[in-house]
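Same order as they appear, the protein sequences are chains A and B. Position 321 (the first sequence) corresponds to 321 in the working numbering; numbering is contiguous. Position 101 (the second sequence) corresponds to 101 in the working numbering; numbering is contiguous.
Any given hint could be a false lead.
Only some residues are given here: those of chain A computed to face chain B with a beta carbon under 8 Å [said to hold, decoys possible]:
| id | residue |
| --- | --- |
| 1 | Glu-16 |
| 2 | Tyr-36 |
| 3 | Ile-37 |
| 4 | His-53 |
| 5 | Ala-57 |
| 6 | Met-60 |
| 7 | His-64 |
| 8 | Arg-353 |
| 9 | Gly-354 |
No lab work stands behind these hints: they were computed from the structure. Quantities reported herein were computed from a predicted structural model and do not represent experimental measurements. Ideal Cβ placement from N, Cα and C applies to all residues, glycine included.
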Amino acid sequence: MAKSKRKKRRTKSRRESYSLLISLLISAFIVALWSYIQLPSMYASYVYSPLDHPVVAVAMQGIHDGVYPWSFIDIEGDKNISDIVSDPVTAVRTEPDVFEEASETDVTEAVPEPETIVEEPEPEAIVKESEPEVTEAAPGPQEIEEEPAPEGTEDGFTSESTEPEDSEPVPKEFITVDDDYFKDALFIGDSRMVGLSQYCEPLDTRADFYVKKALTIYNILDGKPIRSFDGTSKSLWEVLEEKQYAKIYIMVGINEIGVGNSEYFKDAYSQVVDRIREAEPHALVFINSIMHVSKSKSDNDGLYNNSNINARNDAIASLADDINIFYLNINEAVDDENGALRADLTFDDIHLRGSSYEPWHEYLLTHAIEAKPLPEVHHVLEGHPVE
Amino acid sequence: MLFSDLNFIFRALPLFLIIYYITPYKLRKAVLLLAGLAFYTISAGYFVIVLAGAVVINHVLSAGVSRKQKFPFILSVIINSGLLIGFKIASSLGLSVTLPDGSIFDLILPLGISFYVFKLISYQADLYMGRVKRASFINFAVYITDFTQIVSGPIGRFEDSIVNTNRIISSSEKAKTRLKGALSNISDGLTYFVAGMFLKIILADHLAILWNEIGTIGYDSISTPLAWLGVFIYSMNLYYDFWGYSLMAAGLGVMLGAVFVRNFRNPYAAKSVSDFYRRWHITLGDWFRDYVYIPLGGSRCGHMRTILSLSVVWFLTGLWHGLTINYLMWALILLILIICEKFILSRHETLYAVVGRINVWLIIPLTWIVFALRSFGDLKMYFMRLVGYVPSSAVINASDYSGILTEGWIYIAASAIMLLPVIRRSFMEHRRGKVWTVLLFIMFWLCIYSICGAVTNPFMYMSF
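Let the sequences and hints guide you as you build the complete structure.
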C-alpha cells in the first residue's frame with residue numbers, strides 16, 4: 001500500500017534557533033506585565049476578570065480603543081474586557097447579564113465598536129429640556145394619531161424663540177406623503193440607515209444621507225468626521241452649517257447598547273437633538289426607534305436583545321415634543337407578533353435584507369408631518385449614500 | 001475550547017507543555033490521555049462518554065480483529081459507522097432525549113465524531129490487514145483522544161501517531177537533553193501553529209465577515225459582480241479556515257513531538273479536479289482511497305469498476321460532510337467532473353491541460369457555493385444572480401460590491417497572493433530562519449490583536 005510521503009523537513013543548519021519561541025515568551029510577558037501594572041490606572045475603566053481572559057487581553061483591547069502604552073487618556077464610559085469573545089461557534093455571551101437601566105452608573109456590559117472613545121460631554125453643551133410646552137395633553141410618542149386634529153397645524157412650525165407668547169403650540173398629526181417629501185430631508189444613522197440609502201432608491205435619489213456603519217450618538221456629539229454624501233470628511237455640525245433641511249431623520253442606538261445606560265444614552269441623544277434644532281431651527285426632527293433584532297438573536301444574546309433595545313427606545317421616545325421633534329416607532333413596520341424583527345426580513349438577525357426595506361420606507365411615507373417650506377429656496381442635490 | 005482562544009494560547013497550552021515535558025517519560029502517555037479527555041470534556045461536556053465508550057468497545061473488538069477474525073472486524077465497522085450515521089441523522093432531525101431528571105439533552109453532533117470515527121475505522125482496518133500491531137489500551141486511547149486532532153482532524157493514521165513515532169515518550173533521557181528536545185519540538189511546532197493562526201484569524205475570519213455581509217444583503221439582491229466576488233471570497237474563506245486550522249493542529253502535534261501531518265498542498269495549483277482532491281484535505285482523501293476505493297477495486301479492475309468505486313467514494317464523501325441535499329449535489333458534480341477528466345479529457349493532452357485548469361479555477365469555486373448554501377432556494381437565487389437573471393423579489397444596489405471591496409480589499413488581495421505556491425514552499429524550507437521568524441512574530445501579535453477586537457467572530461461582530 002502506498003503511503004503518502006511525509007518527510008520531516010529540517011533546516012539545513014543543525015544549530016537550532018529558538019528565537020521565535022523566546023521572543024514570543026518575552027513579548028507576552030512584557031505585555032502581560034504592562035497590562036497588570038496599568039490595570040489600576042490606564043485601564044481602570046476596564047472591568048477585567050482574571051478568570052475569563054489572560055491579562056494580555058487588557059492591553060490589546062486598549063490598543064483597539066486607541067489607548068496605546070504611550071497615551072495617558074482616561075477612558076470614560078467603562079468598557080468591559082469580558083466582552084472578548086472566544087467562542088465563535090455560538091452566539092451565546094459568556095456574560096449573560098441582563099442590562100439594567102438607569103439604576104446603575106457603572107457598566108458591566110460589552111464594548112462597542114473599537115472606534116468609539118467616549119469622552120465627557122462638554123460642560124458648555126447646552127442641555128435643554130425639550131419638554132413639550134403643551135401640558136394639557138401629554139401624548140405618548142405613538143399615540144399622536146389619537147390627538148384631536150389641531151386647527152393650526154401648519155402654524156405649529158415655529159421655533160420656540162419666535163413663538164408668540166399668547167398661543168400654545170399644538171401637537172401635530174402624522175400625514176401620508178409621497179417620495180418628493182424627502183427632497184429636503186437628511187437621514188443620519190448607523191449601518192441600518194446605510195442599508196436604507198443603498199436599498200431604497202426613492203429615498204436615495206432625493207434625500208441626503210449622513211450615515212456610517214457603527215456610527216454612534218457619541219460620535220455625532222463629538223463631531224467625529226465621517227465621509228459625507230459629497231465625498232468630503234465632515235462632522236454632522238459642518239453638514240448642518242452648509243445646508244438647510246426641512247426634515248431630519250435619525251436612527252442610531254444599536255452600537256451603543258454596551259456603553260453606559262439608558263440615561264447616559266438619552267442624555268447624549270438629547271444634546272444632539274438640541275444642537276440639531278439650534279443649527280436647523282426650521283427642521284422637523286424624526287427620531288427613529290432603534291430597530292429590533294430577531295427573536296433568535298434576542299433570546300440568545302445577553303446584550304443585543306429586544307428588552308435592552310426597548311429600554312433605550314423608551315428613553316429617546318420621551319425626547320419627542322410632537323411639535324418639532326417626533327418619535328417614529330418604525331419597529332411597527334418590521335416586527336413580528338413577538339415584538340422582534342421578523343425573521344423573514346433578515347439574514348443576520350440584525351440588518352434588513354436588501355429586498356426588505358420597503359416596510360420601513362412605507363412607514364416613513366405614512367408617518368410624515370406637514371412642514372413649512374424652508375425660508376431660503378434650496379435645490380437639494382441628489383443624495384449619495386455614504387459608507 | 002478552540003485553539004484560537006486566548007485562554008488556550010496563553011494559559012492552557014503553555015501550562016500543558018510544561019507539565020508534559022517535566023513529567024517522566026513513563027507517565028507522559030497518561031498525561032496525554034488525561035489532557036485529551038480534559039480538553040474534550042471542557043469543549044463538549046457529556047459527549048466525552050460517547051468518545052470513551054467508543055474507545056473501550058473498539059479496544060475490546062481489536063483483540064479479535066488483530067487475529068484476523070471477520071466477525072469482530074465487521075462488527076467494529078458497523079458500530080463505528082453506525083455511531084457516526086446515527087448522530088448525523090439525530091442532529092439533522094433535531095432530536096433530543098429527556099433525561100431522568102426532566103431536563104432535555106439535545107442530540108447535536110458530538111465534537112469531532114466525524115474525525116475520530118474515521119480514525120477508529122482506519123485503525124481496525126489496518127489491524128485486520130496486518131499493517132499495524134494491536135496497541136495497548138493506553139496507546140490506542142491516546143491515539144483516538146489526541147486533542148491536537150480531535151476537533152477537525154487531521155485524520156492521522158495510527159502508525160504516525162505520537163505513541164508510535166515519538167522518542168520523547170518512549171525513551172529515557174537526561175534532563176538537559178530533555179530540555180533541548182522540548183525546546184526543539186516546541187519551536188518547530190510553533191512555526192506551524194503561528195502560520196495556521198494567521199491564515200485562520202487574519203484571512204479566513206475576515207473573509208467570513210465579508211461573506212456574511214453578502215448573505216445579509218440577500219442572495220436574491222446581490223449584484224452580479226458581487227455574486228462572482230462572493231464565489232472568490234467564500235472559496236478563499238473555506239480554504240484558509242481549514243488549512244489554517246490544519247496547520248495549527250499539526251503544529252500542536254509537532255510541539256508534543258509527533259510528526260507533521262500534512263493536510264493541504266497548494267490545492268489551487270492543481271491541474272485537474274482529481275489533482276485538486278489529492279491536495280485538499282489530504283488525510284480525508286487518503287482515508288477514502290485506502291479504505292473504500294482500493295478495497296472496492298479502484299482502478300485495477302476495469303473501467304466500470306473504477307466508476308463504481310469513484311461513485312461510492314464520492315457518495316460517502318458527500319454524506320460525510322452533511323446530510324442535506326446540497327452536499328450530495330456537490331459530490332455528484334465533482335464525481336462527474338472527475339469521471340470526465342479520467343476517461344474523456346485524458347485522451348487529449350492539451351485539452352486536459354486547459355480544461356483541467358478551468359475546472360480548478362472556475363468550476364471548483366462554483367461547486368463551493370453549492371457546498372455553502374444548504375437551502376435550495378438560496379442556491380437557485382445565487383446562481384441566477386451569477387448569470388445576471390433578476391429574481392422578482394430582488395432589490396439590487398448595483399454598487400454593492402464597491403462597499404465590500406472598500407471594506408475588505410486587503411484580505412481579498414492577501415488571500416489571492418497567498419495562493420502562490422512559492423510562499424508555502426518558502427515557509428516550509430525556511431520557517432526556522434531569520435526572515436520567517438520575524439514575520440511569524442509579527443503575525444502572532446497581529447492575530448492576538450485581532451482576537452482581542454472580537455473581529456474573529458463573524459456572528460458577533462460588534463459594529464452594526
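How the hints compare with the structure:
1. Glu-16: 5 Å, holds
2. Tyr-36: 13 Å, violated
3. Ile-37: Hint violated; Ile-37 (chain A) Cβ to chain B Cβ min 17 Å, cut 8 Å.
4. His-53: 6 Å, holds
5. Ala-57: 5 Å, holds
6. Met-60: With Cβ-Cβ at 4 Å, under 8 Å, it holds.
7. His-64: 5 Å, holds
8. Arg-353: Constraint on Arg-353 (chain A) satisfied, holds at 4 Å.
9. Gly-354: Holds, about 3 Å.
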